[in-house]
Amino acid sequence: MEEQKKMGLQRAVDIYGHRGLRARQLKEEGRKVFGYFCCYPPIELLTALDIVPVRVLGNMDEPVTDADDYLPPVMCIFCRSAFDLGMKAQYNYFDGFIGAHACDGAERTAFIWQNYITSPCNFQLDVPHTTHGPALNFFKEQIALFQKTLEEFCGTQIQPDDLKQAIVLHNRQRALVRELYGMRKPDPPLISGTEMLQVLIAVMSIPVSEGNDLLQAVIDEVTTRANPHEAKRRLLVWGSLIDHTAFTDLIESSGFNIVVEDTAIGTRPFWHDIEITTDPLDGISDHYLNEVLCPRTFRETGSTYQADTDARFYYLKEFAKHWNVDGVFANIIRNCDIHGYEVPVVKDYFSEMGLPVLVIEQDYSTAALETLRTRFEAFAENLDGY
Amino acid sequence: MTENKIKTKKSNKTLQTAREAGHFGKKMLESAIRAQAEGKPIGWSMANWWEGDIIAKAMGMNLVYPENWGAFCASIRRAEPYLEISDGEGFPNTLCGYARNNIGFAKTLKENGYIIPDDAPGGGLAKPIMLLASGAACDARYKWFQSLGRYLGGVPVWMLELPQTGAREFFLPENKANNLKFIVSELKLMIRFLEDLLQCKMDYTKLEAMVDQAFKTLRLAHEVDLLRRSVPSPMVSQDFWSIMIPHFYLPDDPEAYAFYQRVVAEVKNKVDNGIGAIPNEKYRMMFGELPPWHSIGFFDDIAERYGIAMVMESWNYHAPTPMAEEEIDGVSDPLELIARLCYHKYTEYNQAALDFSAAPSYFSAPFLEYAEIYRADGFMAHPLMSCRPATYTLMQTIQRLEEKRLVPGVVVNGDIIDLRVFNLEEAYSKVEAFTETMDHYRELRRKAGMAW
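If you're matching them up, the sequences are chains L and B in order. Every letter in the first sequence is one number past the one before it in numbering that gives the first Met the number 0, and letter 219, counting from 1, is 218. Every letter in the second sequence is one number past the one before it in numbering that gives the first Met the number 0, and letter 367, counting from 1, is 366.
Extracted from the complex, chain L is given alone in its bound form (with noise of 0.2 angstroms):
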């Protein structure tokens, strides 16, 4: 295939822009295919049985019709319009899907799905809200269960060796992906915040293993090419997940940088390897529920303010010093429970730091993106005062 023969950072557009490609082409040669919805099911496990794990995404350009009669308009944006793609068949060739408790709407939102799309196998994954010793017990128990799931689908166990070699592979994505995260600490980035995501979401989109050529052909771009990026405000992105990059443009031509992304489509899900462990469970366990640094997570509360929301946002700092960050866009897709209740903490957390914030609840439409600009524009200058 020609587009195939493209690399680096043209090929993470081009699989960006015809996200359902390559897995198409992928299930007409004979492999399986499985939707997943959010960082938290074990996706090693798919790729252990040769099963091509693609994350279930929103288009933001796509207006939200079919969704309306099955999920109301107060719910999560994001997750109606993921529903509304999948209603719309634009996920019809899956032939798993695999939901997970993530948050109140991603887990009603894969139930509906289930009901609605039917794929041959499903999986509803729970995830425990703490990370209590049983708490990941019950965890290990419930991938184990979906273990089962998969091997009774495909006729055929996972050999320990196979899902080790798996999680090599998925820790390697997670290794390349941080390299790359580590060319946006110069100043300007060797990356831009768009280009970024649209390689995150082309490895997203393609199989693990050549979602690392990919990653490994984009960092030998990068590294070699005249920096196309000027210098600008260096921004943070906390909060809601972007995956479009309408989004990222209109806020990297608004003086912005995005040099890192606290979200569910950055570091959350590559920011931690799983530990190769003797039953590998334990470790694709411990790393899901432990180390995948989302809100929806319960920490242990400290016995101070101050010590609560170091012991749930230490991360943050870390990310604020060594990316030089100068202010940060605390992004709520409107209706997001979960990031929405962190707003004053978040904010409260970042101006210890000294770093303003900038908070947007935004309907997750192209449409309605223009009139953001001047938001920005105005959060640019005013960091001028910082």
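The set of hints was computed from the structure by calculation and includes no laboratory data. Owing to the predicted nature of the structure, the values given are computational and were not obtained by experimental measurement. Ideal Cβ positions, reconstructed from N, Cα and C, are used throughout, including at glycine. Wrong hints could be hidden among the right ones.
[Unchecked claim] Partial chain B-side listing against chain L, Cβ under 7 angstroms, derived: (1) Lys142; (2) Glu168; (3) Leu188.
[Claimed, not checked] To list a few chain B residues with every Cβ distance to chain L over 12 angstroms, as calculated: (4) Gly38; (5) Ile75; (6) Pro278; (7) Lys281; (8) Gln350; (9) Ile372; (10) Leu443.
[What the hints assert, rightly or not] Derived pair list, reagent style DSBU-like, types lysine-lysine, alpha-carbon separation capped at 30 angstroms: (11) Lys187/B <-> Lys139/L; (12) Lys403/B <-> Lys429/B; (13) Lys316/L <-> Lys109/B.
Based on the hints, put chain B in the right spot on chain L.
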């Protein structure tokens, strides 16, 4: 935002016992305030389907429920100032109305040196020494308590775990054992936390007695649900939303048990004598989800105008069906009993969820069964602007009821707290038109040979 141009009267509860039920809400608030004066420990708790609150109370904790207090504030239209404070603090105004109400109050409490302001509705909520959060059904119910750290800094939050596995996964052989083991282990951790906090040991004999009492009260509450199957309906939702307080929050309280004995007697008497809650019952409707607490009189009005009896409400506020004897035979450990109760509550409609493709077993699937059991003519969906977890499945419920049960649905938008988003005139218009739809579907059900 829409202004309400019609003022409704407060609800006329049809049961004498329902008129008396307000006592239990006041009792919870007053006992916490009294406890504070006496230096006893106070906790704020989320409703948790009898999983953790009984344990905290067995250890001497006086619990109040900010969700319940939020409904009370809304019912007397005193929530708005707190909502505005919450908004001013930077919390999105799309968050749960109960949460915003409580966050606003917590800020005033802090500003008043943790002495309850004199003007707090119902006497307000006394300062807690712990917050008992729950992840069951709704993220807000732990994120909200976590966010109170800004105002109650240092007050620990204990997060109760309640697994929510899927309907298909429920039937996997290991699933039940995994779930029960997890719940019991978490309850043991909670007890250890409380023992450290309160510096006292759990009295398991006392807990056992409280659990036993709770089981008895819940059984009576379920008997009421069984009686409600009668035609005409002996009570309506306006009654239920009052009488649910004692079984939902205080089932371990002997006074709640005595109360439910009176409720059963009153409802049974009406059933035995064919007395309907409303005099001209013409349509039997189910109601999902929480009601507009600020405008409960709306239901009296539609009963009077159109003969609509609200005969059943959402699954989550009802006592579970009693467990099969073999489920609890020989089980004496109160933690195991609690685990089995909660697990049963959250999974008892899994078969219906699969039969009707209406997962999850909570929220959606029960209505598919209720439709026949309660001989429903229609379903009123009340999407809540600020309570999304209860709202997510409403559209699916409408779809599935119409498709699988030939029971139509009508959507009346509103909120539990914020009265500004509830448009009474529009609601009346919709319901009036909907009566014709119910007539039509009644005929369809008759032609399809359905039982009602």
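A quick look at each hint next to the structure:
no.: 1; hint: Lys142; verdict: 4 angstroms, holds
no.: 2; hint: Glu168; verdict: 6 angstroms, holds
no.: 3; hint: Leu188; verdict: 6 angstroms, holds
no.: 4; hint: Gly38; verdict: 21 angstroms, holds
no.: 5; hint: Ile75; verdict: 25 angstroms, holds
no.: 6; hint: Pro278; verdict: 34 angstroms, holds
no.: 7; hint: Lys281; verdict: 28 angstroms, holds
no.: 8; hint: Gln350; verdict: 15 angstroms, holds
no.: 9; hint: Ile372; verdict: 22 angstroms, holds
no.: 10; hint: Leu443; verdict: 20 angstroms, holds
no.: 11; hint: Lys187/B <-> Lys139/L; verdict: 20 angstroms, holds
no.: 12; hint: Lys403/B <-> Lys429/B; verdict: 23 angstroms, holds
no.: 13; hint: Lys316/L <-> Lys109/B; verdict: 28 angstroms, holds
The structure meets every hint from the earlier list without exception.
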